[in-house]
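Mind docking chain R on chain U? Use the hints.
One letter stands for each residue in the lines below.
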Amino acid sequence: MTDLVGHFLIFTIVATVLLVVPLLVGRLVRPWLPTEEKDSIYECGEPTIGTSYIQFDLRFYVVALLFIIFDVEVAFFFPWALVFGGATQLMDPTLSAEARSGLTDKLLNLPSSGLAEPISAETAHTLALTGLCDILVFFGVLLVGFAYVWKRGDLDWVRAMVVHARQARTNSTSLLIPRGGSASGGPGGTTPRETAVVP
Amino acid sequence: MECISPLLAAGSIGDFLRTQRVPFCGCELDSATVLILTAIIHAAFLFAMFGLVPFFFIWLERKVAGRIQDRLGPTRVGGRFGWLQSLADGVKLIQKEDLVPSMADGLLFRMAPYIACVATFGAFMVLPFSDGWSAVASDVGLFVLFAILSIEVVGIILAGYSSGSKWSLFGGMREAAQMVSYEIPLAICGLIPVLAVGSLNLTEIGQVQSGWFLNWLVFNSPFTFLAFWVYFTVSTASCKRAPFDLAEAESELVGGFHTEYSGMRWSFFFMAEYASMFLVSLVASLLFLGGWHTGIAPLDSVLTGLRETAAASPGFHVAGYVANLFGMMVLASKGAMLVFVQIWLRWTLPRLRIDQVMTTCLKYLVPMSCGLFLCQIIWPLVVISAVGRSTLVAWPEEMGGSIGERMGRQSVTRPVETDESAGQPGDDIDESAESSPESLPAVTESQDKVSAGSVRPHSVRTAARD
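If you read the protein sequences in the order shown, they are chains U and R.
Per this note's numbering, residue 1 is the first one in the first sequence, and the count goes up by one each step.
Per this note's numbering, residue 200 is the first one in the second sequence, and the count goes up by one each step.
Bound-form chain U, shown alone (with noise of 0.2 Å):
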């Protein structure tokens, strides 16, 4: 752990140095005139309007919580596949007694020295049903909500489709109704809005 995080830290500052370099070098010949017009901010030739420090649209906010709920969960997945991918390993018969001592060693993270008893094919079997029964009640309450978020419409990037979706259930004629008039719908509505809008 010391060893990972300490060599990212040299990384980072070795990088850092490594990049400052050039900017440094570049202070020698490059140019430092500034006018007002250089220093605004680009926006077509026109003058700026309104600030850009603005709030943020809210469906980020729903992709972003189903990003850290899935992620947490992928996060978990990861030393589970070590055990299961073992497992799954040692379960094959014809395994080589060297290859399934082997095996072993590295799934009960021991040392290699051949000490530990083999693990059998009918144990690991058994290990790598445990783990599936395990992931599969782990990874099923994920997809469940996953699902909800789906039909609930959350994962939709133009909210103006889900709410034309949802008129066009309750609604047999919604052919007639002009689709632009609900495409502001959602809860963050009224906050400037990426521009997602379906040309």
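If you're looking for bench data, these hints aren't it; they were derived computationally from the structure.
Take every hint as true, because none was put in to throw you off.
Pairs of lysine to any residue residues, derived as SDA-like cross-links and limited to a Cα-Cα distance of at most 25 Å, are as follows:
{"id": "1", "chain 1": "R", "residue 1": "Lys562", "chain 2": "U", "residue 2": "Leu143"}
{"id": "2", "chain 1": "R", "residue 1": "Lys291", "chain 2": "U", "residue 2": "Val21"}
{"id": "3", "chain 1": "U", "residue 1": "Lys38", "chain 2": "R", "residue 2": "Asp288"}
{"id": "4", "chain 1": "U", "residue 1": "Lys38", "chain 2": "R", "residue 2": "Met310"}
{"id": "5", "chain 1": "R", "residue 1": "Lys562", "chain 2": "R", "residue 2": "Ile577"}
{"id": "6", "chain 1": "R", "residue 1": "Lys295", "chain 2": "U", "residue 2": "Leu24"}
What you are looking at is a predicted structure, and each value in this text was computed from that prediction instead of being measured.
Using the frame of chain U, we list chain R on its own:
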């Protein structure tokens, strides 16, 4: 020459430093200093590569784009093929004025390119370029790699937010939404080969794919084969490459998150982008395409033999070094091929709309990767109960046997990492034990069963024959 010969005799930078003395006091270096100095030297070497890779790929991109659009691309700088074009661009960019808009948040604006670059660069530290050629040999290598790589997005978001421009803000926000969505299938697809190998150590994942190319993990099962394509798509998107380059969509957002950047700071983003393209391609090669193995069994066994002799013998071993260098070339060519495909895609496919990008990810790639993950879990269980071995067709002995066979033998014959800066091996073992709390009860349980049932390996073999 006087200073090079002890370096060659030492075998590794760490060994070399241990034999050296501090110039003025004449005392020997303690182990912590040696570790730090080794890490700094590794970092400097890797940074040289980190800087050169974008040089090459930017030139390649311009040449390929030219050819695809029926032009020649750069032709003049550096003689033939314009191969020094990137250097000329670099010299030009150094002379450009370093602008910070008055509306921008100066500190964050100046910091953002560093974060993007450092995150991409940091991910290289766990990457093995050949057998044991990594700065850190970690048992959680792949996990660390994904973790560090995902910091890059923070730099992009900061760049977009701190510019004070609406174009930048839109670009940064798109990048945020896009990256957080594509991280999910990226990590799940990275897990699929891990399920087959049972290891997160990238060196072990590479070693297990020796032999003929059918031993590569992409051919391990139908699901790893599909996962490779999903991984490639997702990794293209996670480098914000076309057709997923919504964060910098020139036709809609002027320049996206880098609208207000100029000169070297602007080019740092591109260094990070091209380096991360190469990085995800190298990871794809390691996870799916056999890593540093050529896929030709006789050639690979010769090279592996050379590496093992080099690892066993003290000091510098020329043949082993050359074998490792060759392995690095093989890995780099595989990575470069995948980068070429990414470039090819950029100049072939039109850019998607943001809602299409998000739909592609959340409604197609996430369910696909989840499905592939579940199938890859169930696959070995089904195959073993159906045919009684872990491969559908009998894997011949000259191929090295099934993946479990190869993995088991490999952990017997090569228990200790041969890397020069591996630090204390105990660290990694403790760490992987800590990071798998849920696995411990199951393992101890199985250990109990083993000792209670006292099943010996030879009795398993006979049972299998019966």
